[in-house]
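Residue numbers (the UniProt record's numbering), protein chains in the order written: chain A, 1 to 668; chain B, 1 to 302.
Careful: at least some of the hints might be erroneous.
Here are a few chain A residues that face chain B, going by a calculated C-beta distance under 7 Å [unchecked claim]: (1) E97; (2) N266; (3) K308; (4) P309; (5) S315; (6) V317; (7) F364; (8) F368; (9) G372; (10) V403; (11) A406; (12) E477.
Since the hints were derived computationally from the structure, they do not count as laboratory data.
Glycine is no exception: its CB is placed at the ideal position from the N, C-alpha and C atoms.
Residue strings, one per chain:
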Amino acid sequence: MLGKLNWGAIPIDQPIPLIAAGAIGLILAGVLAWITRAGHWPYLWREWITSVDHKRIGVMYVLLGLVMLIRGFVDAIMMRTQQAAAIGGAQGYLPPEHYDQLFSAHGTIMIFFGAMPFIIGLMNFVVPLQLGVRDVAFPTLNSVSFWLTAAGALLVNASLVIGEFARTGWLPYAPLSETGYSPGVGVDYYLWAIQISGVGTLMSGVNLVTTILKLRAPGMSYLRMPMFCWTALGSNMLIVAAFPILTATLAMLTLDRYLGFHFFTNEAGGNPMMFMNLIWAWGHPEVYILVLPAFGIFSETFSTFSSKPLFGYRSMVLATLFIVVVSFTVWLHHFFTMGAGGDVNAAFGIATSVIAVGTGVKVFNWLFTMYGGRVRFATPMLWSIAFMLVFVVGGMTGVLLAVPPADFLLHNSMFLVAHFHNVIVGGVVFGAFAGLTYWFPKAFGFRLDERWGQIAFWLSITGFVIVFGAMYVLGLEGMTRRLQHIDNVEWAPGIYVAGGGMVFMLLGVVAQVTQLVVSIRNRDALRDETGDPWDGRSLEWSTASPPPSFNFAVLPDVHGEEAYWTVKERARKEQSLGDAPQYEAVHMPRNSATGFVTAFFATLTGFALVWHIWWLVAVSLVGAYATFVAFAWRDEGEVEIAADTVAAADRARRTARQAWLDRQEGAA
Amino acid sequence: MQARAITATAMRAATVAALLAPLAGCAAGVLDPVGPVGHGERTILFNALAIMLAIVIPTMIATIAFAWWFRAGNTRARYRPDFVYSGQIELLVWSVPLLTILFLGGVIWTGSHELDPARPLTSRARPLEVQVVALDWKWLFIYPEQRIASVNRLVIPVGVPVHFTISSASVLNTFFVPRLGSQIYAMNGMRSQLNLQADKPGTYWGQSAHYSGDGFSDMNFRAFAVPVAQFGQWTAAAAGRGPVLDAATYRQFARQSQEVAPFTFRAVEPGLFDAVVARRLPPAPGPERGRGGTGVSPGDAG
Numbered sequence: 001m002l003g004k005l006n007w008g009a010i011p012i013d014q015p016i017p018l019i020a021a022g023a024i025g026l027i028l029a030g031v032l033a034w035i036t037r038a039g040h041w042p043y044l045w046r047e048w049i050t051s052v053d054h055k056r057i058g059v060m061y062v063l064l065g066l067v068m069l070i071r072g073f074v075d076a077i078m079m080r081t082q083q084a085a086a087i088g089g090a091q092g093y094l095p096p097e098h099y100d101q102l103f104s105a106h107g108t109i110m111i112f113f114g115a116m117p118f119i120i121g122l123m124n125f126v127v128p129l130q131l132g133v134r135d136v137a138f139p140t141l142n143s144v145s146f147w148l149t150a151a152g153a154l155l156v157n158a159s160l161v162i163g164e165f166a167r168t169g170w171l172p173y174a175p176l177s178e179t180g181y182s183p184g185v186g187v188d189y190y191l192w193a194i195q196i197s198g199v200g201t202l203m204s205g206v207n208l209v210t211t212i213l214k215l216r217a218p219g220m221s222y223l224r225m226p227m228f229c230w231t232a233l234g235s236n237m238l239i240v241a242a243f244p245i246l247t248a249t250l251a252m253l254t255l256d257r258y259l260g261f262h263f264f265t266n267e268a269g270g271n272p273m274m275f276m277n278l279i280w281a282w283g284h285p286e287v288y289i290l291v292l293p294a295f296g297i298f299s300e301t302f303s304t305f306s307s308k309p310l311f312g313y314r315s316m317v318l319a320t321l322f323i324v325v326v327s328f329t330v331w332l333h334h335f336f337t338m339g340a341g342g343d344v345n346a347a348f349g350i351a352t353s354v355i356a357v358g359t360g361v362k363v364f365n366w367l368f369t370m371y372g373g374r375v376r377f378a379t380p381m382l383w384s385i386a387f388m389l390v391f392v393v394g395g396m397t398g399v400l401l402a403v404p405p406a407d408f409l410l411h412n413s414m415f416l417v418a419h420f421h422n423v424i425v426g427g428v429v430f431g432a433f434a435g436l437t438y439w440f441p442k443a444f445g446f447r448l449d450e451r452w453g454q455i456a457f458w459l460s461i462t463g464f465v466i467v468f469g470a471m472y473v474l475g476l477e478g479m480t481r482r483l484q485h486i487d488n489v490e491w492a493p494g495i496y497v498a499g500g501g502m503v504f505m506l507l508g509v510v511a512q513v514t515q516l517v518v519s520i521r522n523r524d525a526l527r528d529e530t531g532d533p534w535d536g537r538s539l540e541w542s543t544a545s546p547p548p549s550f551n552f553a554v555l556p557d558v559h560g561e562e563a564y565w566t567v568k569e570r571a572r573k574e575q576s577l578g579d580a581p582q583y584e585a586v587h588m589p590r591n592s593a594t595g596f597v598t599a600f601f602a603t604l605t606g607f608a609l610v611w612h613i614w615w616l617v618a619v620s621l622v623g624a625y626a627t628f629v630a631f632a633w634r635d636e637g638e639v640e641i642a643a644d645t646v647a648a649a650d651r652a653r654r655t656a657r658q659a660w661l662d663r664q665e666g667a668a
Numbered sequence: 001m002q003a004r005a006i007t008a009t010a011m012r013a014a015t016v017a018a019l020l021a022p023l024a025g026c027a028a029g030v031l032d033p034v035g036p037v038g039h040g041e042r043t044i045l046f047n048a049l050a051i052m053l054a055i056v057i058p059t060m061i062a063t064i065a066f067a068w069w070f071r072a073g074n075t076r077a078r079y080r081p082d083f084v085y086s087g088q089i090e091l092l093v094w095s096v097p098l099l100t101i102l103f104l105g106g107v108i109w110t111g112s113h114e115l116d117p118a119r120p121l122t123s124r125a126r127p128l129e130v131q132v133v134a135l136d137w138k139w140l141f142i143y144p145e146q147r148i149a150s151v152n153r154l155v156i157p158v159g160v161p162v163h164f165t166i167s168s169a170s171v172l173n174t175f176f177v178p179r180l181g182s183q184i185y186a187m188n189g190m191r192s193q194l195n196l197q198a199d200k201p202g203t204y205w206g207q208s209a210h211y212s213g214d215g216f217s218d219m220n221f222r223a224f225a226v227p228v229a230q231f232g233q234w235t236a237a238a239a240g241r242g243p244v245l246d247a248a249t250y251r252q253f254a255r256q257s258q259e260v261a262p263f264t265f266r267a268v269e270p271g272l273f274d275a276v277v278a279r280r281l282p283p284a285p286g287p288e289r290g291r292g293g294t295g296v297s298p299g300d301a302g
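So that you can see chain B by itself, here it is in the shape it has in the complex (with noise of 0.2 Å):
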């Protein structure tokens, strides 16, 4: 379905991409996906400001032309200052911005649809599942058919669409890996969804893209996008090392920490992310203390 959009608006994605050649080539962000999804939105973003600047560069023109025109000093431009309506200039002041937002009305609705991050992704492959958890401050990767868990680093298999489900253990964050597309919102007590997928073997960065705290800045991971034989090697080598998550390492895992390296729990609990989301788990603490003493809620002091 992508493929087919990117063909179909190849023209004038082609005229936005030129404009913004410069800064595609600085680094590598969102402008140059990897997957499907990453695809399809940067069309969608390409298609939009298309037709915006369809309107927006000639307002700019005419307001540049305008303003120097009938500058006071230029004796050429004639006055008319008892030109102050005009019905089809009225017509069209009215009628310009509403057509351009009809038109991207429709790129909404369709895309909103069409790119719904809960939304499977159409693929011969079944998909892989990934829980994620998000912690102060560090990531939590729970593979539940692999019966494994990966911190601070993912890897999946290229070529095969990657089913996220997401939580939080404690305050918002969200989860983002730019080359790949989409992010959402991990929420404590909710269970967010979020379908993915990498063509081209890489290391991308992935980042949570909302401020959670002290230790926000380390909130970041690589995502490994590796061929699927390796995929399958590396998880039969995490599941041979490193320690087993149950609840008791669980809780002791959520209290906040920073810069934690990456490292692979080789079982995880069966449960234990349903568990963080039915708050069976309760919601991991904060800090101790702050600037002006302790919490005084007494809700809150267990």
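This is chain A alone, in the form it adopts within the complex (with noise of 0.2 Å):
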């Protein structure tokens, strides 16, 4: 009835998940009944969790991310402090078996669960702002591409309690993945979570490539597009491109897994090497889906915050394609340790540090954004310029890796781990951090608070200099990755180094909570009427903070590359706003279940698969399919916004800038 799931599957000998299955859960429970109490459930269930506005599904979006982001955070505090505690003899307190799902854990939550998400979030909420236009290409798709990821976040933490997760790292290296060596249910847990969430992923790079290609405003052709839309597209466009390679890859290892197919095994013909090909085909594009958008937001900020429209545009433009492109033929440096031979590692070895001329371009635009800028230090433009300083440094150990005999000292070492974590938290979560500070008063109409904000800030900063310093000196001490307990007591001075930075971090990460927490309760002292907090260049701050559902109450006209500069140099000039449009109603789709549904009954079809449920395995299946064609039955696709109501949204944001204005006036 319940196919291999029994008793056994709940980890009672490991009291620490259990501890902190617990805890979550209490405090799931603790919010779900607060919910229930205040009556919020209908309200939730029609502004939110049926919502197919985009603005909606990117603050959904972000909230996953940064709740997972904790998530993997937590997992980082126990390996650090684990390695700290299992030097020369020592066990520590965690046993292998369940160190081992901890650093898997770490990657795949990191990665799919909290930056993916995250970025998705931002772009999600951003692109069709900017863009001008009321929403993206597919809305209802949006909401399912969204739940499905829920959905896959879902199952990789109830493998916490229910089972375990995978032991094999973020990536599942064929053989050690295959059913020989993993006989568990931790792979099979890592395979349908990222298969759910996948399939969502790709859903959503389809959405925002054809909202950026077909809808965009008026005037709005491909070189006046704000930088993050640019970046969006490339980001988008590798996801559509590199996606299916990892759900082919992974759908083969099901197949090993699950049929007795014989893929990578090592046995009858299998190439386990394979694997580590395809995987790294997918991995390493995968790195750009996720730095690329992060570009973007420094763009915007560096811009912004200095004053000045963007240096070199049709530069960065350029640059932006052309890491699109060189992203793809890079994959072997991941293993130039596999033994190819010189004439290969050096092709993909040079081919690799190509891509830092795409990048160097960047940093050299970002920099003479600056000059002649002014310069204004607000926290997004504190996290880009911490950005540009550490990421410069995380290129150059990028290159160094990409150099193969260097690589034959470094690679897998904690010079590697330094080296990832340099790019992708000094470059894709502090941009993430700088375009939520940066959008925050756009999707809910006041501003963070500016003291905390700094504060974790410069806590976080630090600590990312502690922790990812000793790291580098680590692996240049030769230590490698992934050790459960160290035999070498030689490493015990940079794992200590490492472990005390981490104090700091988890400080930042308290500050930052604490600013949000702040904000909410002073957000009447930090509310932004007119739309515009940053005296911002493109058309997300042309509408009202937070935007009406239908996002600009007349499609704007775009004339030249910083629209709504445009406007506002306009009306400097001329003291006035303009006469008001001509309002007309407004369709926007309807709200839609179907998402939700949908990845409910793709969390119950991974679950079963999981555990070998066959007959809810069909049940589920079923259900989502039969949710997919109720969707398309239905008749009533969009709802009606009276004239009159956009008429007296776009009123009160022009009354508020009108006020600006006046302000402006007497400024000069």
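If you follow the hints, you should be able to join the two separate chains into one complex; please do so.
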């Protein structure tokens, strides 16, 4: 009846995951109880769970990303403390079978369920606003994408208490991940969680590519799009091109594990090295999927907070597309040590360093964006400048690892760990925090507390430098990664220093949460009426904060590269906002529970597949399909928002803008 | 070849070394090599680092300088909101990284060939053959010419090139002695080549640098580089004691185990390593069961 699932699946012998899960369960139950008592369910269901508004979905993506970043960070704390407690004969407090799950879960969660949702969320929220349109191309699909990602995250976290997670690392290299060496359900959890969320990511990629290519405000030609839209386009084209490789690779591993195929086994002609090739053919573009949108965020912040247009816009577009193409030609640098020979290694080494040309161009253009500007050191700008400083170091160590003879010394070492955290934390996560602080007032109508933001920044950057600086040194000392206990006592000082740095990181996280709480409590003082708190340059700042469901009362007419800046300049010059436009009724897509219901069935399907509960697999697949058919058959896809409502919403915004204009006059 | 390279780049390397001195002082790692391969790789590491630091450091300084000088409060800085394009700067931002990478590309090309792990070392001495098998979770070193084998302890003669042929009994590992240089994958059914040499007697840390399962943390060993005469004594002593490694013993030995204390086999069945690579000795088994039941794949049931 329940397949392989029985009481043995609960790790009763391991108190730590049980206590952790108990705590999470209590918090979750508390939140749910509070929602029920306060009677928020109808509101949540109507306004968020079934919403197909790209802004709401974007916010939910970011929220999921934030929660998962904290989960992954807890894993990181446990890894650092375990290593510090297990040097020279000591075993620490985590046995290998738990520690191995921990670092696998840390990587999987941080990349797939922390960084990806965060970045996709920001793109979801910002891109349609910057393009001057009312929603993404496929709003309901967008909701399905989000909920499938959440389903994957739920499965990964369920593995904590029901069964186990993979003990293979965040990429389940064969043959370790084959049934023979990983007979438990850990790898199965990994496979189904990633496949389900991967479908969501792929559809989200299709959605945003279509949106950018087909839906732009009148006059918004490609070379007038804000830089963030360009990098989002690059990132999503990479998603569309690369994620099918991941899906196919994991499907082959699934066939090996479930039906006795031999794609990657040692036996019967399987080729484990093919798994490595395929997974990195996705894995390397994935790095750029994450970092390109972050580059876009920095382009926005450098320009806005320097009160200047982005320097070398066309050069930046070219560099972005250059990175998109070249990112597909470098995957072999992840395994120079396979012994492919001088020619092959050199070719991929050079291809890898060629990418640095694209990023180098970007760095110089950001630099010259500040040149001749008026730089304001608001929190988003602090993250951006820190990014510049740490990213050039991370890029440099990356190119160092792309030099095969150097990689022969540093492959899989703590130096490598330091390198990719240097670029992913220093690039993607700093970018995400910059973006969060930058666009938060747009999403909620009030700014985040600046003081706590700066405290969080300084704590995080201090911790960052200590932790990853120590790891660089450990790598040069020959320390490899993923060690549950440390036999070589020479590494002890570095491990202690890295552990000490984690204290600052932890305080940084606490400060971030505090910032959120303080800001929400002081929201009236932090409120932004104008919709343009940073003196922004692109269209998202031209509408109210938070924007109405239809984004723009009248679709903007774009002249020039910096759509909103041009409008503001004209208003300043003419001392007038221009005449009120002719308001018309707007048609917006109707809410739909399709995404939520599909994801519910997808979660059940994944869980049932992990535990071989075949009847449940059949039932939930039928359920998911039925949901889709029901959606396809619905009659009314849109709701009409009357012209009066649109006009009323816009009038409030115009009043605030008029007040802004008067202030400008007063200042001048 | 490596010695010449070191002299030629001594200046540059010295600069980088000075920067890295506090790190190098901490412990004996890849920056303190004891053989030609490690030396050559460290030289390339320093050269590549020096080439890149030449633009990274100015960029970092410029970032701080620009941000500070053009801060909003600085009335002396000139505000130039229209400074958004400059052909000369454009040329600069593309050509500086490009030229750097061009230069570095040369280092990569020559380095990849000169330090290809499969490339034999130039030496008058005949290389010692060592066959390495990575097992769950221990190392087996077979000395085919001496017909002995050693577990979790590598003994090599100083000043003699060693030719390692490396394979795995089960999953992926890498064979790595940080102070000797190059690591390379141990893969089941495949044969990796690695040439190393120790120039200084000593005991060096060795390990697998690729995660291979629950017992991974114990997959380390000591490499003893000893004078040639002492190496002869060791092999002779090893040939006089310990069990014999034949197919049956190997099958038993290949089962998963951890923290195996070093010992030697006095004799090894000829062709055993080839049998492992050719899978005439089948891949070693994994664990009996995992959480959530035994394996179900019919193909792997046996």
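Which numbered hints fail: 6
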